[in-house]
Amino acid sequence: MYESVSADFYDEMYSQDGDVRPAYKQIESWISKQPKGGLKQIAHDAEETFRRLGITFAVYGSTDAVERLIPFDIIPRIISASEWRRLERGIEQRVRALNAFLHDIYHRQEIIKAGRIPEELILKNAAFCPEMVGANPARDIYSHIIGIDLVRVAENEFYVLEDNLRTPSGVSYMIEDREAMMRLVPELFSRYRVAPVEDYPENLRRTLRSVSPPSCKGEPVIVVLTPGIYNSAFFEHSFLADEMGVELCQGGDLYVEDGFVYMRTTQKPKRVDVIYRRVDDEYLDPLTFNPDSTLGVPGLFSVYRAGNVTIVNAPGTGIADDKAVYTYVPQIIEFYTGERPILNNVQTFNCTNEDERSYVLDNLEELVVKEVHGSGGYGMLVGPASTKKQRADFARRIKDRPSNYIVQPTLALSTCPTYVEKGIAPRHVDLRPFVLCGEDVKITPGGLTRVALKKGSLVVNSSQGGGTKDTWVLED
Amino acid sequence: MRIDIDHRTTYKYEQPLRYGLQELRLSPRDTQRQKVLQWKIDAPGIDRALEFFDAWGNKVHLVSQKEETGDSTIAVTGVVETTETDGIVGNLRGENSSRIFIRFTPLTEPSDEISDIAESLRGRHRDQIALYHALMETLHKEVKFDTSSTQSDTTAAEAMKNRHGVCQDFSHIFISVSRLLGQPARYVTGYLAMEETGEIAEAHHAWVEAEVAGLGWVGFDPANGVSPDERYVRLACGLDATTAAPIRGVRRGYGNETLEVSVSVNQSDSQ
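Residue numbers (numbering that gives the first Met the number 0), protein chains in the order written: chain A, 0 to 475; chain B, 0 to 270.
By construction, these hints were calculated from the structure, which means they are not laboratory data.
Note that CB positions come from ideal geometry on N, CA and C, so glycine has one too.
Among the hints, erroneous ones may be present.
In silico BS3-like links for lysine-lysine, alpha-carbon gap of 25 Å or less [unchecked claim]: (1) K267(A) with K322(A); (2) K65(B) with K267(A); (3) K269(A) with K160(B).
Here are some, though not all, of the chain B residues that point toward chain A, as calculated from beta-carbon distances under 10 Å [what the hints assert, rightly or not]: (4) G44; (5) T68; (6) D70; (7) R98; (8) R125; (9) A202; (10) T241; (11) T242.
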């Protein structure tokens, strides 16, 4: 029933010897007891459920389907309690260090003075926000809402692919996937003790509340700021506002007067204290950033600098998840925590270095090339899956603008059992756990597992045909 | 020298203004060169203004207005005492890292021509001050002062290509060269007391401060080829003309807006 497990990849359900790993015993027995057509029926019901809920997302650059359903896989991914504890420690170490790094480079810049990171890489980086220098966000936290992309290559070996510290999305899928699973296969939940994810919106609200600005004395007024319905993640913006019981606003709903931000309401204007914005830095405030932006609020940044409103995440967090800065994260962790990093970084080649570039150009077939400022799987080359023409094209682009690309080895992403036409088959997955930083660091047990549904594919991005899975972290 | 300043900016609206918001960088700070004796900003909403310090160390007022009819005037009046320090400004209290002033902006991004100037200066001078004076000489030779050739959004690269510019353009090119050489440089706005010396001068002026080891910030006026003397009053600074602008705003309303600016900067009679 299961397509054979490849010896080149770690399979999360079966060991190389074909034994079922302990955490997957109940899944395996549940699958084997399904009547003929049973899984197909569940998959069909799942699709119906998501269609009814209207969970869609926009794919940029495709003209036929503006909105489409992200495929959902009905086999949950299981992470044992002990595996999770280790991940949790690694993630917490990483986000604390990255927030300390952000505070430092926007203040005294000790890490630059200590020679641990090149000055030009930070101060001349497009993602560095000079306007933030000297600003003092509540609790010194810059990135409050984080989604860290991890991949697994062996039993206890996880690598961090990307730290998403700007406006990470996907958390609504984590919650909806869980809700769908509880409806579709309630019997499976009785066989496992699964840690809850459904308290995420409440934890998010508490996090936002805990970073209200010094000017706010009573209960803070929180809003979610969205670019609008044409944004690919609009569903998530409205979902989170709804779940938290706060207003969903667009730039035009907010304005600055006498040093505070106000929201227009049907009654009198309401002062706003905390803005969870899903609008990019550049568009936040036409007075300080892009003057042509109509998505933001004129004067918002000045009010923020004066300490009369909190913007979550803070402007300028992108410098800490910049792909060129990524290489330095292990040093960043050691510099601010004095500890060795718990989670691995992926080895990254720097194309501006002549030796590394020539290695890269000779071995493109085995490497992954990413644009420094790209995201979402756009503008990326996966060597093993590429054509000769694509490789020649990227080789030319790397030679033209070496600093615009980073290159990494192709990682052997782990596989998880996935429902496909013919039954159950191993498919490659990654994991994006969601982290909240406020008065404490909270990591939702689980996260978004993305699965590459095409056989052999290593690209899990939903824009490139990836699906999602519910992620179960087991409790002891 | 005691300098009297009277600087008025009047906006005339064809239709009533529905909403307006302005950031005012109109508060000079005390430095080694200047002491502010009196200072007053009059503007609609100034009594309810939000005050804060920006990343470049300026004190900023954010003022908002609603449903304004007729004209609205921002008036700045004050008296500043200046001393001759050979351009040395030093470090201002509570300043942020000076190193951010090596960052290029769209207005200060270098072109090949600007890089050529930087390379012609690199390593040729006994110290930084000499280098900056050589840079001012080069600009004086290469670029013609001309008020008709550039606008407020002209970049350093464009001005260098056309070989024409005003104080803003001279300053942007100077800054671009300094940053290419790895030395922090920033754009400064202020006032210049007028005299009949035949020099190029506008009452409202712009120049540069560069960081010099051991001295802190030192002023250079590349449009005039000199270091600011006691006739100069420093108002605000930034990465470039946009970020240092004394008045920056948005408005909502219909119809056109016309702008009138008057600046008078005079040496006071001695007490």
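Outcome of the hint check:
At most 25 Å may separate the alpha-carbon atoms for a hinted pair to count; K267(A) and K322(A) exceed this at roughly 45 Å. Under the criterion of a C-alpha separation no larger than 25 Å, the hint pairing K65(B) with K267(A) is consistent with the structure, at around 16 Å. Note on K269(A) and K160(B): the hinted pairing is violated, with a Cα-Cα distance of about 51 Å set against a maximum of 25 Å. Interface hint at G44(B): satisfied, since its Cβ lies 7 Å from the closest Cβ of chain A, which is below the 10 Å cut-off.
The interface hint given for T68(B) is broken, as the beta carbon of that residue sits about 18 Å from the closest beta carbon of chain A, more than 10 Å. Annotation: interface hint on D70(B) violated; nearest CB of chain A at approximately 21 Å, more than 10 Å. Interface restraint check for R98(B): the shortest CB-CB distance to chain A comes to about 6 Å, inside 10 Å, so the restraint holds. Checking R125(B) against chain A: minimum C-beta separation of about 25 Å lies over 10 Å; hint violated.
Annotation: interface hint on A202(B) violated; nearest CB of chain A at approximately 26 Å, more than 10 Å. Interface hint at T241(B): satisfied, since its Cβ lies 9 Å from the closest Cβ of chain A, which is below the 10 Å cut-off. The interface hint given for T242(B) holds, since its Cβ lies 8 Å from the closest Cβ of chain A, which is under the 10 Å cut-off.
Of the hints listed earlier, those the structure fails to meet are numbers 1, 3, 5, 6, 8, 9, in rising order.
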